[in-house]
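Please build the complete structure, drawing on both the sequences and the hints.
Now for the letters of each chain:
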Amino acid sequence: MSSTVGIGIDLVDVDRFAKVLRRRPRLTERLFTAGERHDCNGAPQRMAARFAAKEAVWKALSVGLGGVNFHDVAVERAASGAPELVLSARALTRAAELGITNWHLSLTHTPVSAGAIVIAEGE
Amino acid sequence: MTPVEGIRRPAWAEISLSALRHNVLALRSVLGPTQICGVVKANGYGHGAVLAASTLVDSGVAGLAVAIVDEGVELRDAGITAPILLLAETPADTVGDALDNTLTLTIGSLDGARAAAAAARERGGRHPVHVKLDTGMHRMGADLATAIKILDILSDCPTLVIEGFYSHFPVADSLATADQEFSLNQIAAFDAFVTAAAARGVVAPVLHLANSAAALSLPTSRRSMARIGLSLYGHLPEPSYVTALEEQGLSLRPALSLHAQVTAVRQLPAGERASYGRRRALPGPSTVATVPFGYADGYPRRLFDAGAEVLINGRRHPLAGAVTMDQLVIDCGDASIQVGDEVVLLGRQGDEEITAEMWAHWADTITWEILCGIGARVPRVAVG
Chain D
521 MSSTVGIGID LVDVDRFAKV LRRRPRLTER LFTAGERHDC NGAPQRMAAR FAAKEAVWKA
581 LSVGLGGVNF HDVAVERAAS GAPELVLSAR ALTRAAELGI TNWHLSLTHT PVSAGAIVIA
641 EGE
Chain R
239 MTPVEGIRRP AWAEISLSAL RHNVLALRSV LGPTQICGVV KANGYGHGAV LAASTLVDSG
299 VAGLAVAIVD EGVELRDAGI TAPILLLAET PADTVGDALD NTLTLTIGSL DGARAAAAAA
359 RERGGRHPVH VKLDTGMHRM GADLATAIKI LDILSDCPTL VIEGFYSHFP VADSLATADQ
419 EFSLNQIAAF DAFVTAAAAR GVVAPVLHLA NSAAALSLPT SRRSMARIGL SLYGHLPEPS
479 YVTALEEQGL SLRPALSLHA QVTAVRQLPA GERASYGRRR ALPGPSTVAT VPFGYADGYP
539 RRLFDAGAEV LINGRRHPLA GAVTMDQLVI DCGDASIQVG DEVVLLGRQG DEEITAEMWA
599 HWADTITWEI LCGIGARVPR VAVG
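Going down the list, the protein sequences come from chains D and R. Quick note on the numbering used here: the first sequence kicks off at 521 and runs consecutively. Quick note on the numbering used here: the second sequence kicks off at 239 and runs consecutively.
Mixed in with the good hints there might be a few duds.
In silico EDC-like cross-links for lysine to aspartate or glutamate, where the CA-CA straight-line distance does not exceed 16 Å [said to hold, decoys possible]:
#: 1; chain 1: D; residue 1: Lys539; chain 2: R; residue 2: Glu484
#: 2; chain 1: D; residue 1: Lys539; chain 2: R; residue 2: Asp390
#: 3; chain 1: R; residue 1: Lys279; chain 2: R; residue 2: Glu590
#: 4; chain 1: D; residue 1: Lys579; chain 2: R; residue 2: Glu590
#: 5; chain 1: D; residue 1: Lys539; chain 2: R; residue 2: Asp579
#: 6; chain 1: D; residue 1: Lys539; chain 2: R; residue 2: Asp429
Computed Cβ-Cβ distance ranges for the label pairs, DEER-style [unchecked claim]:
#: 7; chain 1: D; residue 1: Thr548; chain 2: R; residue 2: Arg246; range: 40 to 46 Å
#: 8; chain 1: D; residue 1: Pro545; chain 2: R; residue 2: Pro396; range: 54 to 60 Å
#: 9; chain 1: D; residue 1: Thr548; chain 2: R; residue 2: Asp417; range: 29 to 35 Å
Take a look, some chain R residues computed to stay more than 12 Å from chain D by CB distance [said to hold, decoys possible]:
#: 10; residue: Asn339
#: 11; residue: Thr397
#: 12; residue: Ser574
Since the hints were derived computationally from the structure, they do not count as laboratory data. From the three backbone atoms N, C-alpha and C, an ideal C-beta is built for every residue, glycine too.
Dropping the structure here:
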């Protein structure tokens, strides 16, 4: 019997996010793993949606954003093509502390906004 | 011809005072009760020390910090009366000059403590000092045992006041878990020293550990004061901090932009090669513009190979050839360019923007080095 341990939601303005990335050339590498950068292929909406997913997870983990390593929360594609969350390092430790055993992720975007919702389940 | 009076070469840095003020307010809202010590060493991170210092003080920073006595004297000579902390221990033969200019000494060695006590006794009055603990940076400052001995020397001198204790972080801007643990251990070592000092009856009212990076990423590093440099000028030590600030509805504004005017224009056929080394052939017939700003002004030579661009009339244009000491040559393609057209090397023009972070990326260095590297002969012009 699983129960919901946490939820997180985040919404990102695509244009604004793209501009923030352009101004700081190293930011894309800081925020996204090599796999994510490959999956996004430079598309701002996809990057914004993945960023929203990361922020939603940190929210679900009740971790403030200052100094977090965004690579600790990665969005990967399952064989079905559906996006799924892969946690590592500090995010994984924090999730274990909270007893989280399973994540659900849903992404959405329009040309203007990108959003993500995550649900964390425990036993 | 130049838009700024008294400048004989059309190349200048604009320092936005409103951006500096905005950044002070934004950082104060992040830091809450922790006061800001505005770091203005290296000519105010290239922004002009007096310009930056006076604006920061007017905007509410509690004090200033510089690296060397000469920098402190420059600010005093300009009439700045805010507290100024010397961030490195001052050579013994200049301790007197520091005290005569009411600069606050950093003490990080027994010899330094003795020199401060001797100079303070000679002068009388009351002279504040800060004791620096080495918790892992291993550049300046005393280990715990030495720091306790320093307190004994300073306490024995009635003309010295132990005002502050501080330390410094080498990896506060790192996102790696091991580095973050290192910083947390430094905080613990600092707290152990503060406790040991209190047990001997020495309580310093001002405690400061955090630099920009720690202030933004390690809330437990914030004590009564934080030493803020880079962020006050509108730049982040780690680019991902932008996300944490945005989450709080905050952003920083770069205060410095670099401007010039085109001084010569020539039409060249495809295949021509401009500048030293004849490094690059023009891919097509092009208008090549000369801009009076070179590596002596702080434009890194590496930017040519890295594919850097400048803004002219709202469009991005690449360099046509190698950066020279005093001038750049720009490949403007089919754009119509006139002598006198304004060039933005760093900053916004129309919808386009070139940031110091881009320069640092192109030059494979850090934003700090870009800003500090802007040449002494580039006039700094205050704008609103």
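Straight-line Cα separation of Lys279 of chain R and Glu590 of chain R no greater than 16 Å?
Answer violated: Lys279 of chain R to Glu590 of chain R is near 31 Å, above 16 Å.
Would the hint linking Lys579 of chain D and Glu590 of chain R be met if the CA-CA limit is 16 Å?
Measuring from Cα to Cα gives roughly 34 Å; hence the hint is violated.
Whether Ser574 of chain R stays farther than 12 Å from all C-beta atoms of chain D, as the label says
Non-interface label stands for Ser574 of chain R: nearest chain D Cβ at 26 Å, farther than 12 Å.
Whether Thr397 of chain R stays farther than 12 Å from all C-beta atoms of chain D, as the label says
holds (42 Å)
Does the Cβ pair Thr548 of chain D, Arg246 of chain R satisfy 40 to 46 Å?
holds (42 Å)
When you look at the beta carbon of Asn339 of chain R, is every beta carbon of chain D farther off than 12 Å?
Asn339 of chain R clear of chain D: closest Cβ-Cβ about 37 Å, beyond 12 Å.
If you draw a straight line from the CA of Lys539 of chain D to the CA of Asp579 of chain R, is it 16 Å or shorter?
violated (26 Å)
Determine whether the Cβ-Cβ distance between Pro545 of chain D and Pro396 of chain R falls within the hinted range of 54 to 60 Å.
holds (55 Å)
Is Lys539 of chain D within 16 Å of Glu484 of chain R, Cα to Cα?
Holds, at roughly 13 Å.
Can you confirm whether the C-alpha distance between Lys539 of chain D and Asp429 of chain R stays at or below 16 Å?
violated (41 Å)
For Lys539 of chain D and Asp390 of chain R, compute the direct alpha-carbon distance and say whether it is at most 16 Å.
Violated: Lys539 of chain D and Asp390 of chain R sit about 55 Å apart, past 16 Å.
Between the beta carbons of Thr548 of chain D and Asp417 of chain R, is the distance compatible with 29 to 35 Å?
violated (21 Å)
When held up to the earlier numbered hints, the structure conflicts with 2, 3, 4, 5, 6, 9 and fits the remainder.
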